[in-house]
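Engineer: Sequence:
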Amino acid sequence: MSALQIFNTLNSKKEVFKPIDKNHIKIYACGPTVYNFAHIGNARMAVVFDTFVRTLRTIYPKVTYVSNITDIDDKIIEAAKEQNAEISEITQKYTQIYNEDMSILNVLEPDIQPKATEYIPEMIQLIEDLINKEFAYEKNGHVFFHVPAYSMYGKLSKRNREEQIAGSRVEIAPFKKDPSDFVLWKPSDDTQPGWDSPWGFGRPGWHTECSAMSEKTLGLPFDIHGGGRDLIFPHHENEIAQSCCSTANIDEPNSYAKYWMHNGFVTIEGEKMSKSLGNIILVRDLIKDHHGEVIRLALLSSHYRQGLDWNENLIHQSKKLLDKLYTIIRDIDDVEKDVKASEVQFIAEVIDPLMDDLNTPRLIAELNKIIKEFSSIKVEEKPAIKSKLIFIGSILGILQDENFNEVSDEFKNKIEDLIKKRTSAKNDKDYDMADKIRQELSNLGVEIKDTSDGTDWNLK
Numbered sequence: 016m017s018a019l020q021i022f023n024t025l026n027s028k029k030e031v032f033k034p035i036d037k038n039h040i041k042i043y044a045c046g047p048t049v050y051n052f053a054h055i056g057n058a059r060m061a062v063v064f065d066t067f068v069r070t071l072r073t074i075y076p077k078v079t080y081v082s083n084i085t086d087i088d089d090k091i092i093e094a095a096k097e098q099n100a101e102i103s104e105i106t107q108k109y110t111q112i113y114n115e116d117m118s119i120l121n122v123l124e125p126d127i128q129p130k131a132t133e134y135i136p137e138m139i140q141l142i143e144d145l146i147n148k149e150f151a152y153e154k155n156g157h158v159f160f161h162v163p164a165y166s167m168y169g170k171l172s173k174r175n176r177e178e179q180i181a182g183s184r185v186e187i188a189p190f191k192k193d194p195s196d197f198v199l200w201k202p203s204d205d206t207q208p209g210w211d212s213p214w215g216f217g218r219p220g221w222h223t224e225c226s227a228m229s230e231k232t233l234g235l236p237f238d239i240h241g242g243g244r245d246l247i248f249p250h251h252e253n254e255i256a257q258s259c260c261s262t263a264n265i266d267e268p269n270s271y272a273k274y275w276m277h278n279g280f281v282t283i284e285g286e287k288m289s290k291s292l293g294n295i296i297l298v299r300d301l302i303k304d305h306h307g308e309v310i311r312l313a314l315l316s317s318h319y320r321q322g323l324d325w326n327e328n329l330i331h332q333s334k335k336l337l338d339k340l341y342t343i344i345r346d347i348d349d350v351e352k353d354v355k356a357s358e359v360q361f362i363a364e365v366i367d368p369l370m371d372d373l374n375t376p377r378l379i380a381e382l383n384k385i386i387k388e389f390s391s392i393k394v395e396e397k398p399a400i401k402s403k404l405i406f407i408g409s410i411l412g413i414l415q416d417e418n419f420n421e422v423s424d425e426f427k428n429k430i431e432d433l434i435k436k437r438t439s440a441k442n443d444k445d446y447d448m449a450d451k452i453r454q455e456l457s458n459l460g461v462e463i464k465d466t467s468d469g470t471d472w473n474l475k
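To convert, note that position 205 of the sequence shown is 220 in this note's numbering; the numbers rise steadily by one, no gaps.
Please note: incorrect hints may appear among the correct ones.
Stated by the list, open to error - Straight line, CA to CA, 30 Å or less: simulated DSS-like cross-link-like pairs of lysine-lysine: (1) LYS192 <-> LYS170; (2) LYS33 <-> LYS170; (3) LYS352 <-> LYS384; (4) LYS130 <-> LYS191; (5) LYS231 <-> LYS201; (6) LYS335 <-> LYS384; (7) LYS387 <-> LYS441; (8) LYS290 <-> LYS90; (9) LYS287 <-> LYS28; (10) LYS335 <-> LYS451; (11) LYS303 <-> LYS339; (12) LYS191 <-> LYS148; (13) LYS339 <-> LYS192; (14) LYS387 <-> LYS108; (15) LYS96 <-> LYS303; (16) LYS108 <-> LYS287.
No lab work stands behind these hints: they were computed from the structure.
Work the whole structure out from these sequences, hints included.
Structural biologist: This is how it looks when you write it as structure tokens:
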């Protein structure tokens, strides 16, 4: 088995992964802000890092995976006002929906799913430490991190000072010592949620949350920090600044997290997903029309660092591939797994693609190879194929539903009857009727293929 390699955003290159403790891998990935339904971009992050954690657990004896919930944020406050609801009602509702939706995509629950509101004391302690060390300052109930005080700022995003200022969020500019300074704590009025602090009643800045939660749940340093590419700046850049100027080592950005992984954006039929374009695709809507495994496989069809264009063809191709795999699984349903074969037997050909910076397209290519060669394999080879497919499925999070595309006996009989009529029409050289029946089958969602042994069919 080859060594695990990760593209480390911090150093802008693929590196051999060297764990801090090979007996316990620690990974943190930024989860959703819960004020609305999860969209397909949220799902890609969850699926990618779930697959990566599954891979790590094949290699290492213990992996702790933390993925947080942001349940205090200005967007949540606005959503509560718009819906005339309590903030806790909004966050509890959408946290539950998020977890339900991800479960349908076979995303395993993180070992720890911290909520920001549960770590306010830790955030206050972090901010106090930064003030005491003169990396942060208080002004009129606001606390800001002073970016020029940290010489390593920009190491992750590779942004120069002008780009930092242009890309930073505008946070109460009149109070800042420097335009690039970012908020650690902000005051709350009577209509906003808040907590008592040394700077008055208020709430934490978004960036403060993950620094506090990751340190509390994993300790510093931990192995891998992940999230969507949109979080590189300013969110992850600010996390490094906060933690390295407090508990970690100010001169070593990797003393907070050693490796940084970021998945690419999802576009919708070539367009950026945005409210203004009205093309945001919600997972809750997708799962009404598509099986969770189809959505999951589609999300893994492109390398995680690359952009993924979501379109009907992508869904169609993923569905076709799963149909073929389940056809094989059912063909060998009565075949016992190869008791002599172990997961170790397949580790090179299955795990090696994933060891190459989680190269899921390469592993999916291996699945296509199995499909292509299955019709010609010998009977005695089937137990090993079954073991291999089960192993791949456990890592990719597919082939877990024994009822996938199951149809009733009545429907099967109808399809078989139509195929017989079509065969009869072809034998009578009534090709118009044969084409008409093919179209009728297609309208029923059935795809047929003529072979030397007859006509095969499967659901589209």
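Engineer: Could you run down the list of hints and mark each one as holding or not?
Structural biologist: Evaluation of the provided hints:
1. Restraint check: the Cα-Cα separation between LYS192 and LYS170 comes to about 22 Å, which is no more than 30 Å; the hinted pair holds.
2. Distance restraint check for LYS33 and LYS170: the Cα-Cα separation of roughly 20 Å lies within the 30 Å cut-off, and the hinted pair is therefore satisfied.
3. For the suggested pair LYS352 and LYS384, the alpha carbons sit about 20 Å apart, so the restraint of at most 30 Å is met.
4. About 29 Å separates the Cα atoms of LYS130 and LYS191, which keeps this hinted pair within 30 Å; it holds.
5. Restraint check: the Cα-Cα separation between LYS231 and LYS201 comes to about 22 Å, which is no more than 30 Å; the hinted pair holds.
6. Proposed proximity of LYS335 and LYS384 is supported: the alpha carbons are some 14 Å apart, at most 30 Å.
7. Proximity of LYS387 to LYS441 is assessed by CA-CA distance (about 28 Å); at most 30 Å being required, the pair is judged to hold.
8. Restraint check: the Cα-Cα separation between LYS290 and LYS90 comes to about 14 Å, which is no more than 30 Å; the hinted pair holds.
9. The suggested pairing of LYS287 with LYS28 holds, with an alpha-carbon distance near 26 Å, which does not exceed 30 Å.
10. As the CA atoms of LYS335 and LYS451 are separated by approximately 23 Å, the hinted pair is consistent with the 30 Å bound.
11. Restraint check for LYS303 and LYS339: satisfied, since their Cα atoms lie roughly 22 Å apart, inside the 30 Å limit.
12. A hinted pair counts as satisfied when its Cα atoms are at most 30 Å apart, and LYS191 with LYS148 qualifies at roughly 18 Å.
13. Under the criterion of a C-alpha separation no larger than 30 Å, the hint pairing LYS339 with LYS192 is inconsistent with the structure, at around 62 Å.
14. Among the hinted pairs, LYS387 with LYS108 is inconsistent with the structure: their alpha-carbon atoms are about 45 Å apart, more than 30 Å.
15. Simply put, LYS96 and LYS303 have alpha-carbon atoms about 29 Å apart, close enough for the 30 Å limit, and the pair holds.
16. A threshold of 30 Å between alpha carbons decides the hint, and for LYS108 with LYS287 the separation of about 27 Å falls inside it, so the pair holds.
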